[in-house]
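Below, each chain spelled out in residue letters.
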Amino acid sequence: MEQRSLVLSESFSGRITWAFFGALSIFAFASFLSYHLYQHLIIRSNQLLQTSMAWVRLSEDVEKLETALEKSLVIGDERSRDSFLALAERVRGEALALAREPSLHPDALAYEDVRTMLETMVERGLTILEAKGNGSATFGPESFRAFSTTGEYLRARIHLGVMDLLRREHLNYRLISTRLELIGKAALGLILGGLVLAGAVLITLSHRLTRPLAELAEAARKVSQGDFSQRVRVRAGDEVGRVAEAFNRMAQALGRMVADLQEKGALEVRLRERELENLIMQNRLQEARLEALQAQIDPHFFFNALNTGVHLANLEEAERTAAFLEKMGRIFRYRLRNPGRAVALEEELNHVQDYVALLHMRFGEEAFSYRTEVEASLLDVLLPPLTLQPLVENAYRHGLSDSSGGQIVIRGYRQKDEIVIEVADDGRGIPPETAARVLASAAENGVGGVRGLANVVARLRLWTGNEHPVEILPGPERGTIVRLHLPIRE
Amino acid sequence: MSYEDVRTGTSQVVLAKAVRLLLVGSLLVGGFYLAERIARRLVGLPERNVVLREYSWRVFAIVPTMDDGYWHEMRIGMREAAHRAHVGLEFIGPRYPNPDHIVDRFEQAIAAKADGIICYAEDLPAVASAIGRADRAGIPVVTIGLDLPESGRRSYVGPDPFQMGYEVGRALAMEPGIAEVAVVLDAAAFRPGSSQDRYLSGLRRAVGSARGRVRLRRVVLAEAVAAEAEAEWEALFAGGRIDAICCASPESTLRVAGFLAKRGLKGRVALFGMGLLPETLWFMRQEIVTATAASYPYAMGSDAVFLLADILAGRSHPTKIISGIQVFRREDVDGVLQRFWSRGD
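Chains as they are written, first to last, in the working numbering: chain A, 1 to 490; chain B, 1001 to 1345.
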């Protein structure tokens, strides 16, 4: 299993999500910044307004305090005195509230000044009122002037505080407005940058998505036309990358498979060609042999001579000689015919009959008897010429030549899907190991005394396509059976 | 479930998605707070967790708030010292060193119940009386630039007038071609034992050591800030040859320099003044004022604040800190100006 990144994704969907989120983050940050900036500006404006209003209220209260004292001094009743005292208490409370601002506040010193001056003013006012009440000599214009001067100081200090506040805030606002202008441009730049970035990412992603797909389609087209060498470049581990990887593996496997098939086909063709060449070679060899024989004996002269012999024998009434020469002539004619052309079983049996007649003339009919047990339907079966005669010759030579009274039987019958032709004798037989050795020797194109059998086996192999068309079996009691297996051909 | 999901296994897929979701959330929240901090910094709101230094005493500085290098330098010295000494310092003026205004500022400081006062004093009875009232109201006063030892001030930071007169006298003696010297004193500030009296003593001592080459011919008592004084100065020149004039206050220095410029006496009469007011420096550039004696204002301002902090804290403190005196000439003007304005306000 491949290791998967917990943060980044190799897939296209993941990349698109991240790109979208990246652009969104930029926009979100710009929005957050604008939101907070305006929030802080509002807070700051409110603070400025509230502080200014507090200063203004205080200034008004100082005036009221002066008026209240003056009124109390002029009227001199309890009500005006209480009014002054109440006002003094309220103003003192306001001053205390101001002074509660932390000392690190830029206006902290001003607040403290105002508070202490207000205290002084109230103290001086109370002193004046008490002195007047007691009829004390300390009450007089000097005391009231000191009280009024304190009020003036107080108003001057408030005025200075307001001026300081406005001057400071004005400077701050100039600075802030410069910064805001800059931030506005930066935010705009951020948004534009985000848009450009998002566009660039989108274009890049779409390009990255479509280009490999186009390459893949082109490669697939070429593969479909048989060019299995086509490969696509695997750029990344995303979906397209994986498809490309799979395509490359598939193309490689297909190419290998087709190459194997082609190699096998070529090998088979070469084998068949070689077999054909062997066959042609063999035929040519046979033909060459015949041509050689024909070159040695002029067939016309030979057959004319035989005919003359037959005529002479007839004139001399030598019937056996005449028959001998006649059969001899037929045998030679049969043997000199084209060996590549198949003959009917009946024709082959006639040839065997002539050959057996010659043997009888030569060694006497008592040497062996000969008969055929062939189904009539098989007489038209085709087989290579000179297939049975060598077997009959072998049966007599190796089985019956040492004794007399034996028999040779040729049987022909159908068995399942083949035709079986047997050449059986009741001679001295052949041991199984000898029979196996003889067949093996025959399979090696014949050596020694089995050349005729080897020739038969080789030709029947080619004729039937069967690797073992010939069997050598012991007879039921004695002797040997050579069994030929021929296919049924319609 | 995608091909990738199938390939990598469900548990890892869920983990990866959770991590990504967490990352996205963290980024958004982090971006929100980062934007808040940036906005707060840009708009200038104080950080919630920032601790600023608090002051221990509220001190009023009654020094001229006019915008010139000398007072600017002194205010910076005071302000920087106040920051280090935990003193909440307020400059309440006056704008120019006017005695009436100085007295008024004392009344204001008393009404405001200041913890202490640093004052550039004028050697006048009204000012000395205001200092005394402040002291009686429990507000310690440190004078700066000019000492009023009888006023009730707790301490003084500035030059010694005798020493200043002596330094000016030495400069006079070293100046070639000066024989007859007139000394201009302020009529309102001069009395026996006063600062100007001590200045004159120092001057006499230095001139006396010049073995009779330089003589203080005339001593004029005039109101330094009054235009009527010019008549007396006319009489000064009408009475005989004068090679040099010495002024015992910054104000008289400016008036006499103006008079000399108006009369076309530049180069004929050497003027030895006092203080480093911007006009004085300008007259020095014009070669009307030959030299002026002064102490460096930054050190004076700084020393005054630390001294008052010691007084308010109940620590032992000297009754006066004498500043170093230097006689500045024309070639020193650029250096002085550069030094004055090299610090931000």
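Bear in mind the hints are in silico, worked out from the structure with no lab data behind them.
Mixed in with the good hints there might be a few duds.
Here are the simulated DSSO-like cross-link-like pairs (lysine-lysine), alpha carbons at most 30 Å apart as the crow flies [said to hold, decoys possible]:
id, chain 1, residue 1, chain 2, residue 2
1, A, Lys-185, A, Lys-222
2, A, Lys-132, A, Lys-71
3, A, Lys-64, B, Lys-1266
4, B, Lys-1113, A, Lys-132
5, B, Lys-1320, B, Lys-1113
6, A, Lys-132, A, Lys-64
7, A, Lys-71, B, Lys-1320
Results for each hint:
1. Lys-185(A) x Lys-222(A): Measuring from Cα to Cα gives roughly 54 Å; hence the hint is violated.
2. Lys-132(A) x Lys-71(A): Answer holds: Lys-132(A) to Lys-71(A) is near 13 Å, not above 30 Å.
3. Lys-64(A) x Lys-1266(B): Since the Cα atoms of Lys-64(A) and Lys-1266(B) sit roughly 60 Å apart, the hinted pair is violated (cutoff 30 Å).
4. Lys-1113(B) x Lys-132(A): At roughly 25 Å apart (the allowed maximum being 30 Å), Lys-132(A) and Lys-1113(B) satisfy the hint.
5. Lys-1320(B) x Lys-1113(B): Satisfied, since the Cα-Cα distance of roughly 24 Å is no more than 30 Å.
6. Lys-132(A) x Lys-64(A): Satisfied, since the Cα-Cα distance of roughly 20 Å is no more than 30 Å.
7. Lys-71(A) x Lys-1320(B): violated, 49 Å
Of the numbered hints given earlier, the model fails hints 1, 3 and 7; all others are met.
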